[in-house]
Amino acid sequence: MSAIPLSWYLGLAAALFAVGLFGVITRRNAVAVLMGVELMLNAANLNLVAFWRYLRPGVMEAPVFVLVVVTIAAAEAAVGLAIVLSVFRNFHGVEVERLDLMKQ
Amino acid sequence: MSANLQYALFAVVAASVLVPALLVVTSRNLVRAGFWLLPVFLGVAAAFVLLGADFLAAVQVLIYAGAITVLLIFVLMLTRGAGNPQVRQSNRMIPWALLLSGAVGVLTAFVLGREFWPVTTETPVPGFTRALGEGLLTTWLFSFELASVLLLAAMVGAIVIARREEP
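Protein chains in written order, with the working numbering: chain S, 1 to 104; chain B, 105 to 271.
Keep in mind that the hints are not guaranteed to be accurate.
[Stated by the list, open to error] Sample of chain S residues facing chain B (criterion: CB under 7 Å; computed from the structure): (1) GLY11; (2) VAL19; (3) LEU21; (4) LEU48; (5) VAL69; (6) VAL70; (7) VAL79; (8) VAL84; (9) PHE88; (10) ASN90; (11) PHE91; (12) LEU99; (13) LEU101; (14) GLN104.
[What the hints assert, rightly or not] Coverage of chain B stretches by chain S, computed from C-beta distances (three or more under 8 Å per stretch; other residues unrestricted): (15) 116-125; (16) 239-247.
If you're looking for bench data, these hints aren't it; they were derived computationally from the structure. The model shown is predicted, which means the values in this text are computed figures rather than measured ones. For glycine and all other residues, C-beta sits at the position ideal for the given N, C-alpha and C.
Sequences and hints are given; from them, build the entire structure.
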């Protein structure tokens with residue numbers, strides 16, 4: 001049995017999630033906002049694997065869910081970056097505060 | 105492994121995740137911020153190894169450290185002004201963002217960190233990758249197929265969205 005308590009991993013994941021949230025709120029560049037989202041998804045994966053190891057190591061549902069989350073992160077990165085490229089072509093910049101067409 | 109060695113390894117992993125993560129969200133040069141993602145993803149992979157999920161660590165290195173980082177840096181270089189440290193990269197929400205993310209982090213750590221989880225002393229079955237593969241192709245076959253359809257849709261969607269329209 002591992003000597004590290006479960007709460008250490010949960011604390012690490014909470015800190016990583018908070019850092020990612022800070023990045024999502026404060027960044028102006030859309031690609032940097034996506035970087036913050038990736039940090040938050042990583043924190044969620046860390047939580048899932050920690051719970052799997054400490055609570056139900058005999059059942060593989062958490063690792064399967066982590067694989068699905070990684071798939072969704074890859075899909076989100078591909079589509080998100082395609083949207084960023086399209087925005088760059090139409091607005092000549094990728095700052096998120098420029099994308100206020102719906103407000104006008 | 106002895107307990108002290110595990111504590112030391114966890115400290116190294118936590119430092120190699122949190123310090124670069126802070127640099128990712130604060131660095132003025134976005135290309136550097138993109139490269140600081142690498143130690144974060146590798147640190148999370150090391151945490152997966154510490155937790156006994158070796159196949160997930162390999163997936164993490166391949167997809168996050170390999171594919172997603174490269175894709176992010178690629179788009180940073182395709183769009184203008186990312187490597188220019190003169191351009192301000194943060195908006196004026198920093199105090200509110202500090203307050204909100206600090207509150208979320210402290211509350212999450214406080215609620216999840218209480219020792220009420222029914223922690224088992226069970227160790228995982230040997231052969232993590234084999235058990236995961238069997239699970240994927242039997243019990244969780246539907247989510248596996250759903251993920252593959254999602255990847256196909258994302259691929260087609262990315263091509264359609266990023267394509268230059270003919271005039």
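Structure-based check of all given hints:
{"no.": "1", "hint": "GLY11", "in the structure": "holds (5 Å)"}
{"no.": "2", "hint": "VAL19", "in the structure": "holds (5 Å)"}
{"no.": "3", "hint": "LEU21", "in the structure": "holds (4 Å)"}
{"no.": "4", "hint": "LEU48", "in the structure": "violated (9 Å)"}
{"no.": "5", "hint": "VAL69", "in the structure": "violated (10 Å)"}
{"no.": "6", "hint": "VAL70", "in the structure": "holds (5 Å)"}
{"no.": "7", "hint": "VAL79", "in the structure": "holds (5 Å)"}
{"no.": "8", "hint": "VAL84", "in the structure": "holds (6 Å)"}
{"no.": "9", "hint": "PHE88", "in the structure": "holds (5 Å)"}
{"no.": "10", "hint": "ASN90", "in the structure": "violated (10 Å)"}
{"no.": "11", "hint": "PHE91", "in the structure": "violated (11 Å)"}
{"no.": "12", "hint": "LEU99", "in the structure": "violated (13 Å)"}
{"no.": "13", "hint": "LEU101", "in the structure": "violated (17 Å)"}
{"no.": "14", "hint": "GLN104", "in the structure": "violated (20 Å)"}
{"no.": "15", "hint": "116-125", "in the structure": "holds (count 5)"}
{"no.": "16", "hint": "239-247", "in the structure": "holds (count 5)"}
Of the hints listed earlier, those the structure fails to meet are numbers 4, 5, 10, 11, 12, 13, 14, in rising order.
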